[in-house]
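S.K.: Could you put together the complete structure from these sequences and hints?
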Amino acid sequence: MERFDYLIIGNSVGAVGCIETLRSFDKGSSIAVIGEEPHHVYSRALLPYYLDNEVPVEKMLYRPVDFYERLGVTPVLGRRAVGLDTAGHVVKLDDGRTISYGKLLLATGGRPIVPPIPGLDTEKENISNFVALQDLQRISRLLPLARRAVVLGGGIIGLMAAEALHKKGLEVSVVELAPRVLAPVVDEFTSRLIEEAFRRSAVAIYTGTTFKEVQGGERATGVVLTDGTSLPCDLLVVAVGVVPRVDLAREAGLAVNRGILVNQQMETSAAGVYACGDCAEVYDFLMGNRRVLPLWPNAYAGGRVAAYNMLGMKREYDRATSMNAMHFFDLNIITAGLNTAGEKDGFEVISRFDASSRSYRRFVLKDDRIHGFTLVTGIARAGIFLHLMRRGCPVTSFKEKLLEGEFGYLTIPEGLRRELLIDEGVMSEHAVANQ
Amino acid sequence: MPRVVVKPEVCIGCHLCEVWCVVAHSRSKNILKAFLYETPRPVPRVVVEENLPFTLPVHCRHCSEPSCVEACISGALYRDPLTGRVEHDAGRCVGCYSCVMACPYGAVVMDEVNRKIARCDLCKEMGEPTCVKQCPNRALVYQDSFTS
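Same order as they appear, the protein sequences are chains W and A. Going by numbering that gives the first Met the number 0, the first residue of the first sequence is number 0, and it counts up by one from there. Going by numbering that gives the first Met the number 0, the first residue of the second sequence is number 0, and it counts up by one from there.
Don't read these hints as lab results, they were simulated from the structure. There could be a bad hint or two in this list.
[Stated by the list, open to error] Each computed DMTMM-like pair below joins lysine to aspartate or glutamate, with the alpha-carbon atoms no more than 20 angstroms apart:
{"#": "1", "chain 1": "A", "residue 1": "K115", "chain 2": "A", "residue 2": "E17"}
{"#": "2", "chain 1": "W", "residue 1": "K58", "chain 2": "A", "residue 2": "E86"}
{"#": "3", "chain 1": "W", "residue 1": "K26", "chain 2": "A", "residue 2": "E64"}
{"#": "4", "chain 1": "A", "residue 1": "K6", "chain 2": "W", "residue 2": "E418"}
{"#": "5", "chain 1": "W", "residue 1": "K166", "chain 2": "A", "residue 2": "E111"}
[To be verified] Derived list of chain A stretches under chain W, where covered just means 3 residues or more per stretch with a C-beta under 8 angstroms from a C-beta of chain W:
{"#": "6", "segment": "47–53"}
{"#": "7", "segment": "87–97"}
All values derive from a computational prediction rather than experimental measurement. Backbone N, C-alpha and C define an ideal beta-carbon position, used for all residues, glycine too.
M.R.: So this is what it looks like as structure tokens:
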């Protein structure tokens with residue numbers, strides 16, 4: 000039986016975060032990564048860009064082609080892990096092979112949801128999810144003959160797919176069950192700005208409704224909405240989100256809620272087994288509890304923290320929360336934290352909208368600190384706000400300035416500024432001493 | 000890891016670091032040609048904050064655990080383990096601006112014309128950062144920071 004010191008199940012961003020950190024400290028140990036898809040590590044988040052701009056496939060690679068070789072990683076690709084014995088430290092593959100490990104990381108990601116609607120079946124040739132390279136290849140093949148597309152789901156992926164299809168010249172409709180697009184991700188005002196941007200580009204948005212049925216046989220020919228509206232289509236994209244892939248963990252007896260439960264060291268209920276990314280439930284420092292945070296930066300950072308602990312260097316993941324950078328047509332949007340929370344939830348909310356530039360800012364405050372924010376259009380230097388939020392910095396004394404376009408470090412009171420800039424040595428020692 | 004460190008107490012807010020940054024990243028490397036004829040003109044990769052009488056230039060810190068690399072969805076941003084520099088392969092950048100969300104220093108500059116980002120590359124092909132060389136009051140220093 001093959002044995003690796005470090006074994007990773009899943010071949011995306013969480014795996015890379017783990018591998019790069021392991022190799023920063025440990026050049027000698029053996030590492031293997033198991034990937035269900037036969038591809039070199041690629042970025043799922045690039046799918047909408049590929050459809051839009053015809054980026055060559057090699058540009059979708061998340062790391063260079065020599066990544067595994069250079070970092071001394073054994074890739075086991077095109078194979079699925081079907082069994083996990085945490086007592087014996089053994090993983091079983093779908094070809095019957097077994098691999099034993101010293102430490103294990105589960106980075107199994109999410110599985111796209113296909114709601115139970117009559118006729119909605121991704122086995123049909125023109126109905127596809129939008130999360131994997133094969134989905135993209137399938138949609139790309141259908142594009143030359145497609146005129147009309149319907150996208151089920153008005154979340155980030157659904158809307159990005161809709162915009163990309165629109166730019167390919169298709170007539171596109173988006174169907175969202177909630178009363179507005181991106182309902183759990185942005186506040187209502189931002190939803191309306193986004194809906195307006197889509198409608199201005201003649202992409203139809205249907206909210207508060209869903210499919211009653213999908214028409215057609217082997218091929219979908221159209222959909223009927225619950226309100227009776229009929230939308231013919233040549234292409235149907237299902238983008239209503241993903242659920243954590245936890246089957247392997249659950250069958251192995253690990254503690255699983257919605258996602259695989261991990262402590263702040265990213266370790267699961269089984270010693271030596273870690274989890275990160277879309278499959279895991281991690282500690283949200285703003286909520287004060289564990290939740291699934293299926294977001295790119297959290298997967299990488301979770302993989303990194305897991306790696307530290309796998310190496311025996313104790314590290315806690317104490318900065319995870321929700322965060323999104325999005326763009327739809329000419330709108331750039333960045334949100335983070337509890338950005339949709341409001342006064343009824345016990346927060347103070349300050350906001351400003353400038354109609355001429357369609358720029359919008361909204362900050363959610365409590366106990367003298369930022370708990371969430373939304374920036375639309377004026378997103379430059381947004382990370383400073385994220386930094387203030389993560390550090391729990393007191394902001395009451397300058398809270399009105401948060402809404403100003405030119406916010407920067409010089410807007411922050413001197414003492415706090417010095418504290419924030421000293422970390423990575425923005426200012427010289429001399430300057431710090433003299434302030 | 001050497002990088003650009005600022006002495007804000009002697010920064011006079013002339014913005015010449017921005018000007019010379021544009022020149023250093025222009026095709027011609029000539030100040031007149033870069034500003035008169037090159038379109039689109041490169042964006043300056045240093046942000047000079049102004050809250051008069053105070054000014055503060057902010058450059059990429061080439062962090063040891065860069066938040067921008069963590070957030071980058073395309074793999075365009077990466078940290079070279081040998082040099083410690085954070086590198087950006089503009090050819091892979093799709094302009095998602097996740098790094099703008101992530102950078103704690105606001106040191107990732109949005110290049111909206113090209114829908115990409117730009118950040119201080121320490122003028123690595125020229126030996127020393129041009130902004131440091133050209134700063135008239137020596138407010139910028141290229142050095143190993145006292146913390147890392």
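S.K.: Are the Cα positions of A:K6 and W:E418 separated by 20 angstroms at most?
M.R.: holds (15 angstroms)
S.K.: If you draw a straight line from the CA of W:K26 to the CA of A:E64, is it 20 angstroms or shorter?
M.R.: holds (18 angstroms)
S.K.: When you check the alpha-carbon spacing of W:K166 and A:E111, does it fall within 20 angstroms?
M.R.: Holds, at about 19 angstroms.
S.K.: Within the assertion that chain W covers the segment 87–97 of chain A, do at least three residues meet a Cβ-to-Cβ distance smaller than 8 angstroms?
M.R.: Per the Cβ count (7), the hint holds.
S.K.: Would you say the segment 47–53 of chain A counts as covered by chain W, given the rule of at least 3 residues with C-beta under 8 angstroms?
M.R.: holds (count 4)
S.K.: What's the verdict on W:K58 and A:E86, does the C-alpha distance respect the 20 angstroms limit or exceed it?
M.R.: holds (17 angstroms)
S.K.: Check whether the Cα positions of A:K115 and A:E17 lie no farther apart than 20 angstroms.
M.R.: Since the Cα atoms of A:K115 and A:E17 sit roughly 18 angstroms apart, the hinted pair holds (cutoff 20 angstroms).
In the structure shown, no violation is registered for any of the earlier numbered hints.
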